[in-house]
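J.: Sequence:
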Amino acid sequence: MRVIAGSARSLPLKTVKSDSVRPTTDRIKETLFNILIPELPGCCFLDLFCGAGAIGIEALSRGAEKAVFADKSKEACEVTEDNLRFTHLDDKATVLKRDVGEAIYELSGREIFDVIFMDPPYGKGYVPQVLKAIGRSGIADAETLVVAEEDLSDEFNEGDVISGFKLFRIKKYRNNRHLFFRKDNDTSV
0 MRVIAGSARS LPLKTVKSDS VRPTTDRIKE TLFNILIPEL PGCCFLDLFC
50 GAGAIGIEAL SRGAEKAVFA DKSKEACEVT EDNLRFTHLD DKATVLKRDV
100 GEAIYELSGR EIFDVIFMDP PYGKGYVPQV LKAIGRSGIA DAETLVVAEE
150 DLSDEFNEGD VISGFKLFRI KKYRNNRHLF FRKDNDTSV
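Going by numbering that gives the first Met the number 0, the sequence shown opens with residue 0, and the numbers climb by one from there.
Just to be clear, a hint being listed does not mean it is correct.
[Said to hold, decoys possible] List time: in silico DSS-like cross-link candidates among lysine-lysine, alpha-carbon distance up to 30 Å:
1. Lys165 / Lys71
2. Lys165 / Lys182
3. Lys73 / Lys96
4. Lys182 / Lys170
5. Lys13 / Lys165
6. Lys171 / Lys123
7. Lys170 / Lys71
8. Lys28 / Lys13
9. Lys123 / Lys165
Hints listed in this document are in silico derivations from the structure and should not be mistaken for laboratory results.
Remember, predicted model here, so these are calculated numbers, not experimental data.
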């Protein structure tokens, strides 16, 4: 696993040694960041279920102003901190060793994020739960882009409104997909 582009380009990243962590492949990461590139310069990025921190680090490397990483795993947070130091991006980052719900609650009222990325365990129904927590928290506004990585078997369709967020784009890969949400301003739904 490595940083694809930007200030930390080509630097290798440590991975978490756990069967529950699925590092995003370089190819999928490159496709994702080709979509995110207009959102990144100067943005505030939140990486939920961060694992080794590769997505948030890629965002920082490509011009995000700051990033917050959250994961309940002590090992994941330690690996993320090591990767941030190695890439010299640690001065732009905060790592929270918290359950994602606790992290969202802690961040509430402190920051509105431009991009929120989540890569929860597959098949557990976390995306609607996390969207609901984000919607209640005030860490997202109408301009915030929320991206969720999910297994292909989940039943989301473009136009679905989930906890006040509208799904407006789906990017499918071989085994998974990225779901792109923004707050739904249509109060009639």
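J.: Are Lys171 and Lys123 close enough, with their CA atoms no more than 30 Å apart?
T.: 19 Å, holds
J.: Taking only the CA atoms, is the gap from Lys73 to Lys96 under or equal to 30 Å?
T.: 6 Å, holds
J.: Under the criterion that the straight-line Cα-Cα distance not exceed 30 Å, is the pair Lys13, Lys165 satisfied?
T.: 35 Å, violated
J.: Given the hinted pair Lys28 and Lys13, is their alpha-carbon gap at most 30 Å?
T.: Judged against 30 Å, a Cα distance of about 16 Å means the pair holds.
J.: Given the hinted pair Lys170 and Lys71, is their alpha-carbon gap at most 30 Å?
T.: Within the cut-off at roughly 27 Å; holds.
J.: Is the hinted pair Lys165 and Lys71 satisfied, with a Cα-Cα distance of at most 30 Å?
T.: 27 Å, holds
J.: Under the criterion that the straight-line Cα-Cα distance not exceed 30 Å, is the pair Lys165, Lys182 satisfied?
T.: OK: Lys165 and Lys182 at ~6 Å, within 30 Å.
J.: Please work out if Lys182 and Lys170 have their alpha carbons no farther apart than 30 Å.
T.: Distance ~19 Å between Lys182 and Lys170 Cα, so the pair holds.
J.: Between Lys123 and Lys165, does the CA-CA distance stay at or below 30 Å?
T.: 20 Å, holds
Going down the numbered hints, you'll see the structure goes against just number 5.
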